[in-house]
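S.K.: So the sequence lines, in the order shown, correspond to chains F and A. The C-terminal position of the first sequence is numbered 359 in full-length UniProt numbering, with every residue numbered one higher than the one before it. The C-terminal position of the second sequence is numbered 359 in full-length UniProt numbering, with every residue numbered one higher than the one before it.
Note that these hints are calculated values from the structure, not bench results. Hints may contain errors.
One copy or two, either will do: identical chains are not told apart, so a pair holds if it fits within one copy or between any two.
In silico lysine to any residue, SDA-like type, Cα no more than 25 angstroms apart, as pairs [claimed, not checked]: (1) K233 - G107; (2) K335 - Y267; (3) K304 - H163; (4) K124 - L288; (5) K164 - G338.
Listed below are the residues making up each chain.
There are 2 protein chains.
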Amino acid sequence: MSIAASAVTFLGQQADLSNLKLANYTIDPSAIGAKEVVLRAIAAPINPSDVLQARGGYVPPPYLHDLDANTKQVYVGGNEGVFEVTHVGSDVTSVQPGDRVIPSLSGFGTWRTALVAAIDDPRKTAGGKVDAFVKVPADLKEAEAATLTINPATAYQIFHNYHKLEAGDWIVQNAGTSQVSQYITQLAKSRGVKTLSVVRDGKSKAELDKLYELGATSVIDESTLLSSDFAAKLKEIVGDGHVRLALNSVGGATASALFGAVGQDGYFISYGASSGDPQVTINTSQQLVNNISVVPYWLTGNSKRDPQSRIDTVKEVIKLYEQGVFRIPDVQEIKLDGDIASFFVKAIQSPGKKVVLFD
Amino acid sequence: MSIAASAVTFLGQQADLSNLKLANYTIDPSAIGAKEVVLRAIAAPINPSDVLQARGGYVPPPYLHDLDANTKQVYVGGNEGVFEVTHVGSDVTSVQPGDRVIPSLSGFGTWRTALVAAIDDPRKTAGGKVDAFVKVPADLKEAEAATLTINPATAYQIFHNYHKLEAGDWIVQNAGTSQVSQYITQLAKSRGVKTLSVVRDGKSKAELDKLYELGATSVIDESTLLSSDFAAKLKEIVGDGHVRLALNSVGGATASALFGAVGQDGYFISYGASSGDPQVTINTSQQLVNNISVVPYWLTGNSKRDPQSRIDTVKEVIKLYEQGVFRIPDVQEIKLDGDIASFFVKAIQSPGKKVVLFD
Numbered sequence: 001m002s003i004a005a006s007a008v009t010f011l012g013q014q015a016d017l018s019n020l021k022l023a024n025y026t027i028d029p030s031a032i033g034a035k036e037v038v039l040r041a042i043a044a045p046i047n048p049s050d051v052l053q054a055r056g057g058y059v060p061p062p063y064l065h066d067l068d069a070n071t072k073q074v075y076v077g078g079n080e081g082v083f084e085v086t087h088v089g090s091d092v093t094s095v096q097p098g099d100r101v102i103p104s105l106s107g108f109g110t111w112r113t114a115l116v117a118a119i120d121d122p123r124k125t126a127g128g129k130v131d132a133f134v135k136v137p138a139d140l141k142e143a144e145a146a147t148l149t150i151n152p153a154t155a156y157q158i159f160h161n162y163h164k165l166e167a168g169d170w171i172v173q174n175a176g177t178s179q180v181s182q183y184i185t186q187l188a189k190s191r192g193v194k195t196l197s198v199v200r201d202g203k204s205k206a207e208l209d210k211l212y213e214l215g216a217t218s219v220i221d222e223s224t225l226l227s228s229d230f231a232a233k234l235k236e237i238v239g240d241g242h243v244r245l246a247l248n249s250v251g252g253a254t255a256s257a258l259f260g261a262v263g264q265d266g267y268f269i270s271y272g273a274s275s276g277d278p279q280v281t282i283n284t285s286q287q288l289v290n291n292i293s294v295v296p297y298w299l300t301g302n303s304k305r306d307p308q309s310r311i312d313t314v315k316e317v318i319k320l321y322e323q324g325v326f327r328i329p330d331v332q333e334i335k336l337d338g339d340i341a342s343f344f345v346k347a348i349q350s351p352g353k354k355v356v357l358f359d
Numbered sequence: 001m002s003i004a005a006s007a008v009t010f011l012g013q014q015a016d017l018s019n020l021k022l023a024n025y026t027i028d029p030s031a032i033g034a035k036e037v038v039l040r041a042i043a044a045p046i047n048p049s050d051v052l053q054a055r056g057g058y059v060p061p062p063y064l065h066d067l068d069a070n071t072k073q074v075y076v077g078g079n080e081g082v083f084e085v086t087h088v089g090s091d092v093t094s095v096q097p098g099d100r101v102i103p104s105l106s107g108f109g110t111w112r113t114a115l116v117a118a119i120d121d122p123r124k125t126a127g128g129k130v131d132a133f134v135k136v137p138a139d140l141k142e143a144e145a146a147t148l149t150i151n152p153a154t155a156y157q158i159f160h161n162y163h164k165l166e167a168g169d170w171i172v173q174n175a176g177t178s179q180v181s182q183y184i185t186q187l188a189k190s191r192g193v194k195t196l197s198v199v200r201d202g203k204s205k206a207e208l209d210k211l212y213e214l215g216a217t218s219v220i221d222e223s224t225l226l227s228s229d230f231a232a233k234l235k236e237i238v239g240d241g242h243v244r245l246a247l248n249s250v251g252g253a254t255a256s257a258l259f260g261a262v263g264q265d266g267y268f269i270s271y272g273a274s275s276g277d278p279q280v281t282i283n284t285s286q287q288l289v290n291n292i293s294v295v296p297y298w299l300t301g302n303s304k305r306d307p308q309s310r311i312d313t314v315k316e317v318i319k320l321y322e323q324g325v326f327r328i329p330d331v332q333e334i335k336l337d338g339d340i341a342s343f344f345v346k347a348i349q350s351p352g353k354k355v356v357l358f359d
């Protein structure tokens with residue numbers, strides 16, 4: 001029996017998203033290849049990077065999809081999502097019907113209700129093709145499972161790829177309320193590493209309390225970071241502690257001030273520029289005396305160089321959820337209703353991090 | 001027979017150098033220890049870092065010296081120099097009278113006419129104590145031998161420690177006429193690596209010609225670097241070449257503009273701030289997309305972490321002189337005349353890189 005499916009597709013990138021279109025197509029599970037599976041969507045987030053991708057910023061999608069004989073060579077939106085395996089080809093042993101899986105690499109096109117997919121990802125690592133999917137445990141919440149591969153994976157790699165952080169070390173970060181910062185905070189807390197999070201001025205006490213509940217050691221606002229007595233304030237906060245990592249996803253004056261906090265052999269890591277100002281000014285005398293490395297972090301770049309590293313990271317992230325180290329930061333869970341393209345286009349327009357729950 | 005010696009000493013760092021004093025002392029070669037040698041000075045440079053050290057900037061000297069019973073616990077100026085071995089203790093086999101040697105590590109106190117020294121340096125590496133001296137071949141010029149351990153060693157490590165540079169790759173550097181830049185230029189030329197050197201506005205044709213003679217591929221002035229069409233100019237100069245390293249020893253606007261030239265997987269390396277402005281502004285979007293690392297380089301820091309690395313580097317530098325890759329950039333050679341302290345203090349006041357030739 002064939003399955004009616006639909007997707008949010010686009011062809012060519014348009015700033016106004018007018019190219020996002022509904023595509024309806026059918027899937028015949030009896031006709032799938034020996035190494036293919038049929039997947040039914042459970043949940044998929046709408047990430048800023050997904051939207052940027054359709055608007056023409058960021059990186060273009062890596063794959064064009066043939067959804068059926070009528071809908072060929074289109075991009076499908078979305079880079080994260082969790083699916084249920086409903087049918088498997090005759091040679092598939094790694095998953096079985098009923099399993100919940102996530103695409104192990106980005107660019108999969110997750111904004112679709114159902115699809116046929118190969119069990120091997122065509123992207124190769126040094127060791128050969130990689131598994132296209134990672135199985136997720138049944139006890140992970142839908143929204144948690146749907147958002148494993150980007151924000152918590154970024155936090156995990158930033159935390160582990162630079163400094164061997166020891167209990168008592170400090171991380172300073174701007175955009176303290178961002179998803180990545182919240183995962184960093186939880187991970188640091190679990191390892192005894194302290195965090196100083198900088199948040200925008202005017203956050204409510206409830207928002208700050210939420211960060212402290214997640215495990216933040218100290219939270220200050222941008223005005224405090226930019227004030228002339230920040231050095232004294234920092235000393236008061238960290239005492240004899242070492243600031244090993246500074247994490248910048250904001251840019252501009254806030255980032256430049258954050259650089260001043262980095263200590264001996266520290267890393268200043270930029271992974272975004274949400275202020276719209278990517279300029280950061282560093283003091284090279286401080287850099288030389290303290291031996292500070294100023295480096296970029298980009299999950300997508302790392303994953304292109306070494307796809308398996310992302311899969312390994314996602315498996316570690318799953319463990320952190322199972323150990324209770326991670327819980328998902330606030331997201332709006334919204335139930336898919338009506339045609340998928342209209343629904344996603346409308347959802348993109350309203351603010352806040354969202355996870356769409358499919359039927 | 002005892003030897004009359006004298007040194008430029010100081011105790012406490014003074015910005016006006018009023019603490020630099022003459023010390024006269026005598027050496028009794030018959031009284032040296034089994035693992036000691038007597039050295040006679042041949043040549044020693046006056047480096048800006050030597051002067052900064054006596055003025056209280058930079059790093060303090062690592063050792064206090066006992067010159068004789070009357071002159072104890074003083075610092076001796078100078079971190080580089082070449083000496084002749086005149087006497088050796090009964091257990092010394094690594095050098096013999098007549099050999100020319102240089103102190104393998106900085107902080108030796110080279111502004112003195114003769115001295116008694118231990119053959120092992122007390123600083124330890126993972127492998128144990130290091131040799132206090134490196135023998136230099138007799139055919140190296142005095143000024144070349146006296147200046148092996150700082151500028152050419154810095155150039156060698158910068159060239160080798162970051163990117164595996166391949167023929168056709170590009171290095172961009174400001175302070176194009178500096179000693180380090182000139183060694184970088186010669187080393188790059190010998191490996192088929194291209195250099196774009198930025199020099200201060202208003203340099204004479206003769207000065208530019210000198211850089212081209214050393215092997216510079218292209219030389220531009222700071223105004224060209226800072227102009228709005230520098231990107232187009234750069235494209236014209238490097239074509240499809242990759243800029244792998246940017247070397248900054250100037251700081252300020254010139255350094256920030258230089259950052260814009262760095263290509264994929266490149267390094268932006270700061271090792272000084274001669275403009276007096278250590279601030280450098282980097283574009284983190286460019287940094288992320290091109291995966292650029294912004295790192296400091298400090299020979300002294302490296303040598304403290306791994307003293308043997310400096311000795312190994314100096315041996316490589318000697319080979320480069322012997323292979324004809326390196327020739328010494330212009331220095332004023334001045335003959336020691338009168339009392340050593342008055343002579344050095346006077347020499348420090350006049351401009352230009354100097355090497356003092358002892359009697």
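S.K.: Could you tell me which of the hints above the structure violates, numbers in ascending order?
M.R.: Those not satisfied are hints 1, 2 and 5.
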